[in-house]
Each structure stands twice: as structure tokens, then as C-alpha cells.
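Novice: Since chain A is already given, all that's left is putting chain B on it; use the hints.
Line by line, the protein sequences give chains A and B.
In short: position in the first sequence from 1, add 8, done, that's my numbering.
In short: position in the second sequence from 1, add 8, done, that's my numbering.
It should be emphasised that the hints constitute simulated quantities derived from the structure, not laboratory data.
Don't take every hint at face value.
Since the list can't tell identical chains apart, any single copy or any two copies may satisfy a pair.
DSS-like, lysine-lysine: derived pairs with alpha carbons at most 25 Å apart [what the hints assert, rightly or not]:
hint, residue 1, residue 2
1, Lys82, Lys320
2, Lys20, Lys375
3, Lys322, Lys58
4, Lys322, Lys75
5, Lys207, Lys58
6, Lys75, Lys315
Spelled out from the first residue to the last, the chains are:
Number of protein chains: 2
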Amino acid sequence: MIDFKLLKKSKKSNARLGVLKTPHGEVKTPAFVPVATQATVKTLRSDDLKETGTQLLIANTYHLHLKPGEKLVKSHGGIHKFANIDLPVMTDSGGFQVLSLGFGRDYGIGKIMKYDSGEIITKGSQPKLLKITEDGVEFTSYVDGKKIFMGPKESIKIQESIGADIIFAFDEPTVPTATEEYTAESVERTHRWADACLKARKTNQALYGITQGGRYKDLRIKSAKFIASRPFDGFGIGGEYGSDKRQMVKMIEWVTKELPENKPRHLLGVGYLEDMEMIVKAGVDTFDCTVPTHYARHGNAFTSKGKVDLTKTKYLSGAASKQPLDPECGCFVCREHTKGYLSHLIRAHEITGLELLSFHNVYYFNKVIEGIRKRIKKGEL
Amino acid sequence: MIDFKLLKKSKKSNARLGVLKTPHGEVKTPAFVPVATQATVKTLRSDDLKETGTQLLIANTYHLHLKPGEKLVKSHGGIHKFANIDLPVMTDSGGFQVLSLGFGRDYGIGKIMKYDSGEIITKGSQPKLLKITEDGVEFTSYVDGKKIFMGPKESIKIQESIGADIIFAFDEPTVPTATEEYTAESVERTHRWADACLKARKTNQALYGITQGGRYKDLRIKSAKFIASRPFDGFGIGGEYGSDKRQMVKMIEWVTKELPENKPRHLLGVGYLEDMEMIVKAGVDTFDCTVPTHYARHGNAFTSKGKVDLTKTKYLSGAASKQPLDPECGCFVCREHTKGYLSHLIRAHEITGLELLSFHNVYYFNKVIEGIRKRIKKGEL
Numbered sequence: 009m010i011d012f013k014l015l016k017k018s019k020k021s022n023a024r025l026g027v028l029k030t031p032h033g034e035v036k037t038p039a040f041v042p043v044a045t046q047a048t049v050k051t052l053r054s055d056d057l058k059e060t061g062t063q064l065l066i067a068n069t070y071h072l073h074l075k076p077g078e079k080l081v082k083s084h085g086g087i088h089k090f091a092n093i094d095l096p097v098m099t100d101s102g103g104f105q106v107l108s109l110g111f112g113r114d115y116g117i118g119k120i121m122k123y124d125s126g127e128i129i130t131k132g133s134q135p136k137l138l139k140i141t142e143d144g145v146e147f148t149s150y151v152d153g154k155k156i157f158m159g160p161k162e163s164i165k166i167q168e169s170i171g172a173d174i175i176f177a178f179d180e181p182t183v184p185t186a187t188e189e190y191t192a193e194s195v196e197r198t199h200r201w202a203d204a205c206l207k208a209r210k211t212n213q214a215l216y217g218i219t220q221g222g223r224y225k226d227l228r229i230k231s232a233k234f235i236a237s238r239p240f241d242g243f244g245i246g247g248e249y250g251s252d253k254r255q256m257v258k259m260i261e262w263v264t265k266e267l268p269e270n271k272p273r274h275l276l277g278v279g280y281l282e283d284m285e286m287i288v289k290a291g292v293d294t295f296d297c298t299v300p301t302h303y304a305r306h307g308n309a310f311t312s313k314g315k316v317d318l319t320k321t322k323y324l325s326g327a328a329s330k331q332p333l334d335p336e337c338g339c340f341v342c343r344e345h346t347k348g349y350l351s352h353l354i355r356a357h358e359i360t361g362l363e364l365l366s367f368h369n370v371y372y373f374n375k376v377i378e379g380i381r382k383r384i385k386k387g388e389l
Numbered sequence: 009m010i011d012f013k014l015l016k017k018s019k020k021s022n023a024r025l026g027v028l029k030t031p032h033g034e035v036k037t038p039a040f041v042p043v044a045t046q047a048t049v050k051t052l053r054s055d056d057l058k059e060t061g062t063q064l065l066i067a068n069t070y071h072l073h074l075k076p077g078e079k080l081v082k083s084h085g086g087i088h089k090f091a092n093i094d095l096p097v098m099t100d101s102g103g104f105q106v107l108s109l110g111f112g113r114d115y116g117i118g119k120i121m122k123y124d125s126g127e128i129i130t131k132g133s134q135p136k137l138l139k140i141t142e143d144g145v146e147f148t149s150y151v152d153g154k155k156i157f158m159g160p161k162e163s164i165k166i167q168e169s170i171g172a173d174i175i176f177a178f179d180e181p182t183v184p185t186a187t188e189e190y191t192a193e194s195v196e197r198t199h200r201w202a203d204a205c206l207k208a209r210k211t212n213q214a215l216y217g218i219t220q221g222g223r224y225k226d227l228r229i230k231s232a233k234f235i236a237s238r239p240f241d242g243f244g245i246g247g248e249y250g251s252d253k254r255q256m257v258k259m260i261e262w263v264t265k266e267l268p269e270n271k272p273r274h275l276l277g278v279g280y281l282e283d284m285e286m287i288v289k290a291g292v293d294t295f296d297c298t299v300p301t302h303y304a305r306h307g308n309a310f311t312s313k314g315k316v317d318l319t320k321t322k323y324l325s326g327a328a329s330k331q332p333l334d335p336e337c338g339c340f341v342c343r344e345h346t347k348g349y350l351s352h353l354i355r356a357h358e359i360t361g362l363e364l365l366s367f368h369n370v371y372y373f374n375k376v377i378e379g380i381r382k383r384i385k386k387g388e389l
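Looking at chain A on its own, in the form it has when it is part of the complex (with noise of 0.2 Å):
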């Protein structure tokens, strides 16, 4: 079980300091809280992970379930023992994998749900390669094409034999071309599944609701009212934020206002470095995002100056190029590596790069949720 303390709430916005106590630890909210999909943070090694200041650890049902499979972890006692992580780990329901799986198979999205036309998905917006039921998701795996399906029940199930400090409800996020009757029967239907998962439970792990309703106000704030209504130890919150950040925002508002004060609110796959202020203005205490691993592995590192490429030429020599990467940054990879060298290992396709930069980005997020907690202490946010 988890306890979450509320030890402050901003007078400027709705931005919280607070502690999340986990049988793995505790967590000082608001915080950032990197991916590790399939049992590992991409190109990093469990002994890496409190020194990039990381104090929560979330990792994907979906694909934990498709390898190795729950029950190998489990009978390895649990992802904590499995992967070695000495640090509190949710898991996410796998809805949102399932969804965006499917999708992108049948329509070339990817997975973080971008497209530009509004009308490729209409009326019933069910995916082909998906097929929801009220029952769950049948879905086609992609290891092996097997029929693979998902509910609630299941969902529970396989979060249990993983094994993490804090699991989800089984939700369906809907896509950005949701029309809005089809959403409002989709909430119905996260609703449902909500109380089949809290009736489900059978361990003492924590249990987050997930709240969804698209980019539609009513359903937003419907969602938020039944789910806050339910015994939920935490709350999600999930699906499409809008068409903009400061849309992002106010739909964030609209949820946060109605769950309880008491209780954690974590946003689901949402936090690059310019969100972060906003979104936990908007009242969410976690947040997890896989930009920090996802932008390293591609060259790329944040900075207190703004983002660099190292793939470019440019940060291979002249004087800055003798220069750590973030002059400001206390980070090993900064304290030890100059950028000329960083970028010399990205151009020449060496993985011992990609570590680095994974290394140094995922502690620069943390340093920068870091400083807003600090902010949010003095009353400055």
C-alpha cells in the first residue's frame, strides 16, 4: 500500500508539494517519473537510476505481458527482484498500448497518436486489428500474431504477478478523432471497467483509477466525478489532452479539481521539459514520459542552455567543445565527459553514447522537477 502526504498547497495555482510513501520507498512529489517499458530504463542499468535522482519507476503492463511474460516474473519474485530495482515501480494497464498498437497498425500512427487528418477514423472509431468488447480488448500480439485479449480482470491479473508498488485500472483512452458520442460511450465502458478492477484486486498493491473523457469537458469532468467517487488509492489521468498545451492544461484543471486533495494524481505519458511547470500548476503530482531515453537515443540532450544535437558537427570542436555538456549540471556524464567527445560517440554510432546521454538527460529531468518543487516550497509557483 502506498501513503501520500500532502505537505503543501500553492497559493498561485494548483501546484502541491507532498511524499508518497511505497514499500519501495519514498517519493517527493511533484516528480518526474521516467519509463522502463520493458524492465529497464532504455540503455540504462538498475545502478544507475538513484544516481540520476529517479524515485519512481514506471513499466508496461503490455509489454511485460508479451515478454517474458508476468508469470517468469513473478516466479523471479516480482519486477523489483526480476530487474534488480531498488526503487518504487507502477505498472500502466496496458490499455493505452493495446489502443495505440492497434491503431497504428491499421492506420500508420505511431504510437504517441499523432496524425493530421481528423477523418481518417469517423464514426465507431474501433480499429480494425482491435476488437473492444465490453469484456475488454482482443488484440493481435506483435512477438508472434497470436490473439491475445485484455480486460480488466486480466489487466489486474498481470499487474499483480508483476508485481509493482502501484498498478491502474484497465481504461480505454480514446483517440484524438473521437467523436464525442463515442467517447461518451467509451467512458461508460473505462467506468465499467474501473469497478471491475476494483473488485478484481486481490493484492494490497496500490490502485490507481484512471479518468478519461477525451477533449470533451462533460465527459472530462463526469469521468473525474465517478472515478474520485470510487476507492481508488491514486488517480490517473489518461487519453488525449487536446490540440495544445494551453488546452492540455485546462482539461488537466478540469479533472484535478474534482479528485480528492488527499490523494495522488499521476498524468500518463505526458512531460516534456516545457510542459512540466504547467502541468503541475494543474495539480499532478507524478508524471511519467519517455522523452529523456526516446531524445538521447537519437543524439539529442537537454540543457540548461536548451537542447543540443550532437549528431551535429558543430559540438565536435572549437572551445565549446571542451566544455561538459551542461556546465551547470552536476550529472557523472557532465563531470567527467566533454561534449566535443559526447558528440563524437553519437557520430560515430557508439552505444557507450547513447548511455551517456540517456544518463545525463533522465538526471536533468529530475533536476529540473527538482527545482520546481523547490519553487513550490518558497511559494513562487
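Specialist: Relative to the frame of chain A, chain B by itself:
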């Protein structure tokens, strides 16, 4: 400069125990030398190296000349500062890559020059995309297709800019299909280049001369005698080593017999686990090999119970999967992770898995050679 102290000569074989002192520390010999082609051991971080028991590295003149260029390395204060490596470093002469990559392109031959038919390259034996003249080799850059010329003067100049502790004379390694006539001409050229290198050197880096001679005993002995007669600080044994392991050992012994006892001998590009004892017994002090990192990147680990292919499902589950990769190994990977988790990472294509296996494999190779040193000390080898 370096200083080599011969501590013990085996009575049972040509094995030797020694200490090689360099400006960046001492190397207990015989020693395994991991390869840092592009100024990093692939997937490892510079702060991993000492923990793997690594004493000496070899970087690649040809690759560093093309990327990022020796001038850049020099502007960063040389390879040690550039890559933040606090260990002795060698650079090879570039001759092997120039030739193997040239032949590789012409005849579809891998870098390790394995091919079936002895008739692909016959009389003359000059690859099409290379032009070997008295002054050196003209070849085409794999980076941008530009014509590049490298000869003894160029190689030494590049290696002086890179700034390793030990550098090698520029040579022409011959391929297994080279005729005796061609090999004889080539050996003479390598000898003229050796003298040109001695003349060209301007720094007090240690300079090793490379002996060649292909599979021809007379030429091997002739080359060893010639190179041994010159004021080199140590000696490299290069080129091809015959068709089987026994022939390889004989060839190495033809050479080491002719070399002065008080100077170190390095065997270039050989060091499979099963070769180690043989090459040490043939009188070799140091040898480099990409096998531990190369195999790791293909999911293979070396252990005291043999090679383990972690891509196989059998390592994922069952009682053995909860054991370390090698229960007899003391490396951090074996202390902190199970075979099952490592197999999961490899099977899920996680870069983290490649790093962990590379770390273990390099550690393991260093442990095996440490065991060989102990056996020489005890008079058992």
C-alpha cells in the same frame, strides 16, 4: 616511454611473466587488451574499464583518422583526455584496416578475412579499391568516399596526434591467399616502412615494429630478425596466422624466438578464450581481440561453464534462470543480475543487455588471463 621488466620465464614453455610500465600505469603481462576502436570499448563507459580489470586498451588509427580526425583528438589533449581514459592505450598502425576494408569491399571479405576459396585473390594480390605503392596505401574512405593516402610517415604523424602510450609502425599485412612471391615483396616493403617510421617519429611514445611474413616460415623468421635488429621499444606480430590453431602457435614461435627477451611482444587481433593459453605459451606478452564485446552484442556470454547464448529461451525460465550468469564470477553483473533477466533484456533487444554482457565478458577475459599469470608464477604453464 615504456619500461618492460621480465619477471619470470617458464621452464615448460615460452610463457613469460612481466610488467610493462607506461606513462599511464603498469600492465601485468601477459595481458588481454580490449579494443576501443573509436576511443571507447563498445557499450562500456570509461569508468567501467578499471572495474573490468582492464589494464591496457588498443584504439584504431584508421577509424580515428576518419572520425573524428586526429587533429580533433589532439586538440582535446590526446586520446586519454579526449575519452577520459586513465589507463595505458595503444594505437594500431592502420595498416590492417586499410587492407582488410579494401579487400572486404572488393571480395566481400569480412574484417577478419575469413573466406573459403584460396583462388579469389591470386597473383599480384592487390585489391581493386586500394593502391599500394612504395610510399604507402591509397584507399577510399568508408565515411565519405574521399581518396585517402596512408603510409609510414602519415601513420606515425596520426598516431602522434592521437597520443597513445604505445604506437605501431605502419605495415602491410598479407591475406591468406597471398603467394610466396607477393608476400616476399610485401615483407620487404613492410621493412622499409618500419625504418621510415623510426625515422619519422618525433615524440617519446613507445614505438613497436610489426613483423610479417604470412604463412611462410622463412619469411616470418627473416621479418622477425629484421624488425628485431631495429631500435623498436616492442614488437607486434601481425598478418595471418595460418589455417589452424596449431599452425598459428608454430608461426608465433618462429617469430618470438627471434625477438629480444627484454622487450614486449604484442600479438595483433588474436585472443579467443581457447587461444589464450597457447599464445601465451608461444611467448606473447599482450594481445588484443574484439571477441568479448562483439559476442556480447550478439547476446553471448563467456562463463566458467562455457559460452552461453542468451537469445535462447532456455535461459529465461527455470531454476537456472535465477542464478547469476556465472556463479563463479565476481563482476557486478553476476553479483546483481540473474541469467533470466539478462536473457529477457537480450531477447527484448534492450541496449542495457548489451552493456551488461559486454561488461561481464571483458571482466571474464581479464580473469582468465589473470589465472594464466598465476599459473606461470607457480611454474604450471
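Novice: So, against the hints stated earlier in the document, which numbers end up violated here?
Specialist: Result: hints 3 and 5 break, sorted rising.
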